[in-house]
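Trainee: The chain contents come next:
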Amino acid sequence: MKRLKWLLTLLTLVLFVACGGGGAKESAKTKAEKKVVKINLGQEPGTMDPQLTTDQSAMQILPFIMEGLTRLGATGDVVPGVAESWTVEGNKWTFKLRDTKWSNGKPVTAHDFVFGIRRAIEPETASEYAYMTYYIKNAQAYNEGKIKDFSKVGVKALDDKTVVFELEKPAAYFASVTAFPTYYPLNEEFFKEKGEDYALEKDNFLFNGPFKMVKWEHDSKIVLEKRADYWNSSKIKLDGITALMVNDSNTALNMYKNGELDIVGLGGDQLPEFKDSPELVSYSDGSVWYFEFNTKHKLLKNRKIREAITIAIDRKELVEKIKKDGSKAAQGMVPYGFPGIDKGFREDFGSELYKDNDVERAKQLLAEGLKEVGHTGPVEISLLTGTSDTATKEAQFYQEQLRTKLGIEVKIEQVTFQIRLQRMSSRDFEIVLAGWGPDYNDPMTYMDLWVTNGGNNHTGWSNAEYDALIEKAQTSSDNKVRMEAMAAAEKILAKEFPIGVTFYRNRNRLVKPYLKNVYFRAVGQETDLYYADIQK
Amino acid sequence: MFNYIFKRIVSSVITLLLITTITFFLVHQLPGDPFASEKAIPPKIKAKLMEKYDLDKPLPIQYVKYVGNLLKGDFGLSMKVRGRKVSSMIKNHFPYSLDLGIRAAIFAFFVGVFLGIIAGLNRGKKLDSGAMLLAVIGVSVPSFVLAGTLQWIIVAINGKFGISLLPVAGYDTWQHKVLPTIALGLFPVAVIARMMRASMIDVFSQDYIITAKSKGQKPFKIVTRHGIRNAIMPVVVYMGPLLAAITTGSFVIEKIFSIPGLGRYYVESIYNRDYTVVLGITIFYAFLLVVMLLIVDILYVFIDPRVRLSKGKGE
Chain A
1 MKRLKWLLTL LTLVLFVACG GGGAKESAKT KAEKKVVKIN LGQEPGTMDP QLTTDQSAMQ
61 ILPFIMEGLT RLGATGDVVP GVAESWTVEG NKWTFKLRDT KWSNGKPVTA HDFVFGIRRA
121 IEPETASEYA YMTYYIKNAQ AYNEGKIKDF SKVGVKALDD KTVVFELEKP AAYFASVTAF
181 PTYYPLNEEF FKEKGEDYAL EKDNFLFNGP FKMVKWEHDS KIVLEKRADY WNSSKIKLDG
241 ITALMVNDSN TALNMYKNGE LDIVGLGGDQ LPEFKDSPEL VSYSDGSVWY FEFNTKHKLL
301 KNRKIREAIT IAIDRKELVE KIKKDGSKAA QGMVPYGFPG IDKGFREDFG SELYKDNDVE
361 RAKQLLAEGL KEVGHTGPVE ISLLTGTSDT ATKEAQFYQE QLRTKLGIEV KIEQVTFQIR
421 LQRMSSRDFE IVLAGWGPDY NDPMTYMDLW VTNGGNNHTG WSNAEYDALI EKAQTSSDNK
481 VRMEAMAAAE KILAKEFPIG VTFYRNRNRL VKPYLKNVYF RAVGQETDLY YADIQK
Chain B
1 MFNYIFKRIV SSVITLLLIT TITFFLVHQL PGDPFASEKA IPPKIKAKLM EKYDLDKPLP
61 IQYVKYVGNL LKGDFGLSMK VRGRKVSSMI KNHFPYSLDL GIRAAIFAFF VGVFLGIIAG
121 LNRGKKLDSG AMLLAVIGVS VPSFVLAGTL QWIIVAINGK FGISLLPVAG YDTWQHKVLP
181 TIALGLFPVA VIARMMRASM IDVFSQDYII TAKSKGQKPF KIVTRHGIRN AIMPVVVYMG
241 PLLAAITTGS FVIEKIFSIP GLGRYYVESI YNRDYTVVLG ITIFYAFLLV VMLLIVDILY
301 VFIDPRVRLS KGKGE
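Line by line, the protein sequences are chains A and B. Take the first sequence: its letter number 257 is residue 257 in full-length UniProt numbering, and every next letter is one higher. Take the second sequence: its letter number 4 is residue 4 in full-length UniProt numbering, and every next letter is one higher.
With the rest of the complex left out, here is chain A (with noise of 0.2 angstroms):
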């Protein structure tokens, strides 16, 4: 019996043993001597290809590894990238090129920027974000198969070192557009060697950036290193930095306290073990939220019935009771952090631009918008949302804060992520619940979705007054002249509210004491490494 279960234990020993390595020691010996920084990804990306990516994942990644005419530095301003420097006159933008290097050592040229814009125009390229180069003349044009001649399109190479842009309109924001993936730069021989396999694997992949990939495990993981041959190498600190993909939150933290992750996002629950931690760090992740109205239904085609359910909620409650992640109250669209005149768009021009939590006249609103459209007996309204912990929590605080305060009876609709977005456009909804997040540093990212038939604008809200602005924003190089029209365009919203924006999003992370420099940004790349470095 004794030899038995000797034997036994023995096998399922074994079983773990066998198949081992002696991975673990080599790799804690590699850390202490390199700067590495271990991130989340959290998700394989869709794709890493630059002018066809849309994700979150390969947002995180890309501006690592490759570099566009600018980029964003440390609070989301513009620098230089491969340009060192450009001019302006009218609508015709002029960027000059230093010398840098491709990592298989050619050099970075004008003509591969326009290849990548081309690529990304290709109408067989179907690229999703091929409107992000729409402000180039004729782009949108060739992408639609309106021109077949990319000679006529805006971008052009004057010489190896000079890239000219000649936009539709004037757009002031242009330089932070170029930082956008759309429009890195593309190795024409390189792809053309590649086809179909380019950015599918790491061999596929040329980079241009402060890192190289030298390991790429799809779905587990992705390993950067630095390359020396950047042009500014000398201001990068660390050596390189590993990217998993784990996308359980819970996983993600243990791993963290594990010493496995140095950073890791914290969701609203896991918030109060670290509220007083020195390794917390809040910051906005640009995302404002808010209730889209269908202005064709029956009650909330009327604007004092809209405004009504708008101004009832009380927003204090909403983000320190229900949200609790330092998520801010909102009332206008535009959240904190992006420029304006002197200060910022917020700050210069004022952040309450309704009332809050206002019972009274929400309950005399609504009393007469339901005589406007001849509605008598109790009012029933769906709110459709998202399956998530957070979508349920926020539906129900406002079907409670509805019910209490203007006896509205609000029926909750949760259906799939597939389903909201389809009913969404198709505007088979009362009232959904809806966020938005920017592309750009510039307000006109939240601003222009509510212009008539925007493909973002799912209300059947229609403002004449309102497009008129956000075309005078849109084609002034004015900055005070764009800003104002933008602040009176989103005082329309709040006279007439299409939407009720009710808060500003935040985000947690836990960074180690270890890691210096990180800096989180609303647009663009979330976690920036760029100026990062370790200090054990």
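Simulated from the structure, these hints should not be mistaken for lab results. A portion of the hints provided could be inaccurate.
What the hints assert, rightly or not - Straight line, CA to CA, 20 angstroms or less: simulated EDC-like cross-link-like pairs of lysine to aspartate or glutamate:
hint, chain 1, residue 1, chain 2, residue 2
1, A, Lys161, A, Glu84
2, A, Lys512, A, Glu279
3, B, Lys46, A, Glu124
4, A, Lys536, A, Glu122
5, B, Lys85, A, Asp203
6, B, Lys57, A, Glu124
7, B, Lys80, A, Asp197
8, B, Lys52, A, Glu189
9, B, Lys80, A, Glu201
10, A, Lys393, A, Asp325
11, A, Lys512, A, Asp533
12, A, Lys301, A, Glu320
13, A, Lys92, A, Asp478
14, A, Lys202, B, Asp172
15, B, Lys91, A, Glu217
16, B, Lys160, A, Glu347
17, B, Lys85, A, Glu217
18, A, Lys192, A, Glu122
19, A, Lys35, A, Asp239
20, B, Lys91, A, Glu201
21, B, Lys85, A, Glu196
22, A, Lys393, A, Glu320
23, B, Lys85, A, Glu124
24, B, Lys80, A, Asp55
25, A, Lys156, A, Glu189
26, B, Lys46, A, Glu144
27, B, Lys46, A, Glu122
28, B, Lys44, A, Glu189
29, B, Lys46, A, Asp55
Keep in mind that this is a model prediction, so the values were computed, not measured.
Following the hints, position chain B against chain A.
Mentor: Same frame as chain A, but now just chain B:
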């Protein structure tokens, strides 16, 4: 005999074809499409995408095209992870699920059989209660709770003693594989332990054990030679379906331990409406199961003469 095997193969092929057809039409009935995203895509670009993946064509034509390609061994391209072949996804990620599944099955076999023997030999005593308590926990605690608890314990131990006993997630070294193997294997451990216990008790009430005892054989020899060898048969039979179930990947375990297995892809591809991936993995799993069932059926014919007789004549 040959006739029987031939019939089974033909019916397997038909099964696969039916699964493909049903899955194809069902998955296309799901609302939404692979290119839906939070930010609206201009209609022209969307039309291009639909055209590129043949989604603009009527469903029956898409079906014929798909099956045509399938017969050539082409599973198509993923729609969400652009440019990636479904066949290379299966090739890259199935080995992780297979590796973990085999480890968990071996773990379950040895630990389960061991516990079952201990419990069976000590029926009604403390050792029996202890082993069966473990078995009850294994059956009733969901794997995600178990996985989270294991991680939590490791983090606590590492934190307290300032060591790195084991990593909590990933799948690089053997240390990474310990926790997921236990988490995935504990359920079958419990099943096998109970099976083995019942079987041991059954065997030990048989006449030949009494005969062996009365012959004066040593207890150890009785247990190994006569007891275990006979009692283990139900467990061996159970290992077949267990292996099939466990190696096709566990979504929960793979997600919690961040293992790039196929189980995770399968679930996520459905959320993403990644039609080609859903179909590819379904067909692959169906193929695996059909092949295993076929092998089991054929083996039965050889093992059990009664099966050969009745099936050979009846059909």
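Trainee: Taking only the CA atoms, is the gap from B:Lys160 to A:Glu347 under or equal to 20 angstroms?
Mentor: Distance ~47 angstroms between B:Lys160 and A:Glu347 Cα, so the pair is violated.
Trainee: With the threshold set at 20 angstroms, check whether the alpha-carbon distance from B:Lys91 to A:Glu201 stays at or below it.
Mentor: holds, 15 angstroms
Trainee: Could you grab the alpha-carbon distance between B:Lys57 and A:Glu124 and see if it respects the 20 angstroms cut-off?
Mentor: holds, 17 angstroms
Trainee: Has the given pair, B:Lys85 with A:Asp203, been kept, meaning a C-alpha gap of at most 20 angstroms?
Mentor: holds, 17 angstroms
Trainee: For the pair supplied as a hint, B:Lys80 and A:Asp55, is the alpha-carbon distance within the 20 angstroms limit?
Mentor: Holds - the C-alpha atoms of A:Asp55 and B:Lys80 are around 11 angstroms apart, at most 20 angstroms.
Trainee: For a C-alpha distance cap of 20 angstroms, please report whether A:Lys393 and A:Glu320 respect it.
Mentor: holds, 13 angstroms
Trainee: Does A:Lys156 pair with A:Glu189 here, judged by a C-alpha cut-off of 20 angstroms?
Mentor: OK: A:Lys156 and A:Glu189 at ~18 angstroms, within 20 angstroms.
Trainee: Checking one constraint from the list: CA of A:Lys161 to CA of A:Glu84, max 20 angstroms. Satisfied?
Mentor: holds, 10 angstroms
Trainee: Below or equal to 20 angstroms on CA atoms is what counts here, so check A:Lys512 against A:Asp533.
Mentor: holds, 11 angstroms
Trainee: For the pair we were handed, B:Lys46 and A:Glu124, check the Cα-Cα distance against 20 angstroms.
Mentor: Within the cut-off at roughly 11 angstroms; holds.
Trainee: Please work out if B:Lys52 and A:Glu189 have their alpha carbons no farther apart than 20 angstroms.
Mentor: Given pair B:Lys52, A:Glu189 is violated - Cα atoms ~24 angstroms apart, limit 20 angstroms.
Trainee: Do the alpha carbons of B:Lys44 and A:Glu189 lie within 20 angstroms of each other, as the hint requires?
Mentor: violated, 29 angstroms
Violated hints for the displayed structure, listed by number in ascending order: 4, 8, 12, 16, 28.
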